[in-house]
Each structure stands twice: as C-alpha cells, then as structure tokens.
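Chains as they are written, first to last, in the working numbering: chain A, 1 to 98; chain B, 99 to 399.
Since the hints were made in silico from the structure, they are not lab data. One should not assume that every hint holds.
[Stated by the list, open to error] Covered by chain A, per the in silico footprint, the following chain B stretches (three or more residues, Cβ under 8 Å):
{"id": "1", "stretch": "121–128"}
{"id": "2", "stretch": "150–156"}
{"id": "3", "stretch": "238–246"}
We put the CB at the ideal spot given by N, CA and C, even for glycine.
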Amino acid sequence: MTNEYVVLSAILFTIGCVGVLTRRNAIVVFMCVELMLNACNLALVAFAKQHGNLDGQIAAFFVMVVAAAEVVIGLAIIMTIFRTRRSASVDDASLLKY
Amino acid sequence: MAFWILAPIMVVAALGILFVRKAVHAALLLAVVMISLAVLYAVLDAPFLFAVQIIVYTGAILMLFLFVLMLVGVDASDSVVETIRGQRAMATVLGLVLGLVLVTAFSQVALGSAVGLDEANAGGNIQQLANILFSRYVFAFEATSALLITAAIGAMVLAHRERLTPKPTQASLAAQRMRDYAESGKHLGPLPSPGVYARHNAVDTPALLPDGTASEASVSRVLAARGTVRSAPAFADDIDEVRRQLGGGRSDAAADPDRMPEQSGKAGAPASTEEDVPGTPGRSSAPPLRSSDEQRPGDPA
Numbered sequence: 001m002t003n004e005y006v007v008l009s010a011i012l013f014t015i016g017c018v019g020v021l022t023r024r025n026a027i028v029v030f031m032c033v034e035l036m037l038n039a040c041n042l043a044l045v046a047f048a049k050q051h052g053n054l055d056g057q058i059a060a061f062f063v064m065v066v067a068a069a070e071v072v073i074g075l076a077i078i079m080t081i082f083r084t085r086r087s088a089s090v091d092d093a094s095l096l097k098y
Numbered sequence: 099m100a101f102w103i104l105a106p107i108m109v110v111a112a113l114g115i116l117f118v119r120k121a122v123h124a125a126l127l128l129a130v131v132m133i134s135l136a137v138l139y140a141v142l143d144a145p146f147l148f149a150v151q152i153i154v155y156t157g158a159i160l161m162l163f164l165f166v167l168m169l170v171g172v173d174a175s176d177s178v179v180e181t182i183r184g185q186r187a188m189a190t191v192l193g194l195v196l197g198l199v200l201v202t203a204f205s206q207v208a209l210g211s212a213v214g215l216d217e218a219n220a221g222g223n224i225q226q227l228a229n230i231l232f233s234r235y236v237f238a239f240e241a242t243s244a245l246l247i248t249a250a251i252g253a254m255v256l257a258h259r260e261r262l263t264p265k266p267t268q269a270s271l272a273a274q275r276m277r278d279y280a281e282s283g284k285h286l287g288p289l290p291s292p293g294v295y296a297r298h299n300a301v302d303t304p305a306l307l308p309d310g311t312a313s314e315a316s317v318s319r320v321l322a323a324r325g326t327v328r329s330a331p332a333f334a335d336d337i338d339e340v341r342r343q344l345g346g347g348r349s350d351a352a353a354d355p356d357r358m359p360e361q362s363g364k365a366g367a368p369a370s371t372e373e374d375v376p377g378t379p380g381r382s383s384a385p386p387l388r389s390s391d392e393q394r395p396g397d398p399a
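Pulled out of the complex, with its shape left as it was, chain A reads as follows (with noise of 0.2 Å):
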C-alpha cells in the first residue's frame, strides 16, 4: 500500500516541478512549490505508517511550520516587486536592481 502512496508523491512532486519552471506568474510558482511541499508532507506520512513510528508524522508537521513562514515571506516579497513594478511575472524580476 505504501508504494501506492509514495508513487502519488512523485507524481504530484513532478507535476510541481514542471509548474515552478514553466509558470510565469509568481504567485502560481509558490503554490507549485506549496504542491511540491505536500507530495513530500505525503510521501513523510506514507513511510510513518510504514514503518510504525511517528517520526515521520512529526517530519511532516514541520515541513507545514517551515512552509508556512515561507509563504509569508513569499507572498511580502510579491507585494513588495508588484508595487515597484505593478507586475507578478518572474520575468520582470530578473534584474534585481532598478
């Protein structure tokens, strides 16, 4: 049953992965890693029940932690570019000065 679980973890991990290099918009590159963040959280639960410990659960719980406060800082970041530059595009922030 785990390699069920793990497999959907890559999938959703890979689908995430393309979504950061290929989206333009910035705010859909953070939930892309949001989505790579949960296929992980995922994949930590599966091998929790797996192995009969709750480490990995404990994992996970800290991965939300972390991801949030990273999505804070992100999403700051975002209104902080779009106000200078009235654009979300990652492309427009290649620069990083002007």
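Guided by the hints, dock chain B onto chain A, whose structure is given.
Coordinates of chain B only, in the frame set by chain A:
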C-alpha cells in the same frame, strides 16, 4: 478505497494548475489537492495532520494566496514570451523524465507489509505526537518558534510602506472639490447612484438621466474597466419594445418598471462598455453614454 478515488482527482487537479490561465483557478485547484491530501492523512492514521492540513494549509495559507491575488489583481495572467528559448519544452521533457524515473523506481521497490501505527498511536495520536515533539524534537520545536517570529517580523517590514505625502483630510478634500468646481465646473455633489432610473437597480447598470441617456459616472470604474457593465441603451431599447407590446401610446406605463414583462430582460446580456461608447454603429438609435461632467438638461446653471 479512498486512495483510488482521491488519487485521480488529485493528479487531475494538480495538472490543472499547470494549464489554467488564471491564478485564482490555480488556487482553487490547489485547494482540491490539499483537501484530498487531508483525507489521505486521515486514512493513513494521522488525525492530527488531517486537522492541521485543513486549518493551516487550506484555511490559512491558501487564504493568504487569495488575499495577495486580490491585491495584485486577479487578471495578472502569465506572459507567453519565453525569456530563455525553449525553456518550456525543456522543462516539460525534464519533468516527464523525472516523473518516469521516480514512478518506475518507487513502484518496483518492495517495502514489505506495513507495520501500521496501531502500536505507536496507542493512547491517542495527538498524545503520542506530543510525547515525541516535546522530548526528542524539542530543540527543533524551539527553533521553529524563532523561525515563525522572524517570518512575522520580516513580513511586517516588507509590507510596511512609508507615507510620502500627507494623508488627505476631510477639510482638504472638500477644499479640493470647491477648487475643482471653480476651475472646471465639475459637479460638486456626490456621484449618481447606479440603476435608480434604469430598468434594474444592480450596481452594474448605469443610471438613466432624465433625457434617457446613461450616466457613466454612476457605475464603478472597476466594473467599467472589467467590461461587465450592463448596457443601459439596451434597456432603453427595451422600453420602446415594451411600449409596442402594451399597445402603444402608454408612455407612463412603459416608464413604470414594475409593469414591464420579464421577457425584455433578454437583451440585458452583459455588454462591454466598449460597445456602448458613442459612435458605435448598429446602435444608432440608442443614446450614447455621456460623461456626467457635462451640464445636464434639468440642472440649474
């Protein structure tokens, strides 16, 4: 069982994130994936993570995404131009290869039968998680609190903006209004409210002026920019039609909105304001939209 129902839904929703054009739709598809994940956590004997996934991810993080989308503008869609040539194709190929490798590898690994969490969860999943969290992982837990504080302060610093001009007070706004009136004759009073004299009183229907023209100032600029303003001239056309249906000559009946049959609403399909600007062919009989800055027929001079 839940897995085989939810897994296809999750994969389809995740693929949707790659292809939908609007960021709001991507956020909603991400919500589908996250709620499905929460159910899978419940199936995997992790009731605490089930609750945390729904409260933190779907409740807090996704709402934050939607808030920022609203601030940034929901129609901020992707640009199609590639900065790096062939990046999209290369990323897709690499993604497919990565996915194939991972899926083949993981489906061929023999993990044996699962031990199950019945023993580890004895006495309750949350109690056992707390036992581990506050003993073996207590240092990571404290570091997490430092991280959260840092993130909160960082977000406040990033979102803060110094005010460069003094905040306009009510007195200065009133003085500005009077100055505008003295210089350009701009109407002093409040803007007309939408739809009061029109067929509908919805905010997207411009008010009809006494001479039958639509008042541009009565609808919000945002609605006009989105092109969702309903066409007042179309309603004005309806009045003639209704009058004809009622047997003609009853002009006061046509002016009474309550007595108009609902059938005339068909022409009220959402029309963009671009179609209603003056001089549009095909609507020559309809009075054009006009600015409220002009002097109105009934207005005192």
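Consistency of the hints with the structure:
1. Interface restraint, the stretch 121–128 of chain B with chain A: holds (4 residues with C-beta to C-beta distance below 8 Å; minimum three).
2. Coverage of the stretch 150–156 of chain B by chain A holds in this model, with 4 residues showing a Cβ closer than 8 Å to a Cβ of that chain against a need of three.
3. Under a criterion of three residues with beta carbons nearer than 8 Å to beta carbons of chain A, the stated coverage of the stretch 238–246 of chain B is upheld, 4 such residues being counted.
Against the hints set out earlier in the document, no violation occurs for any number.
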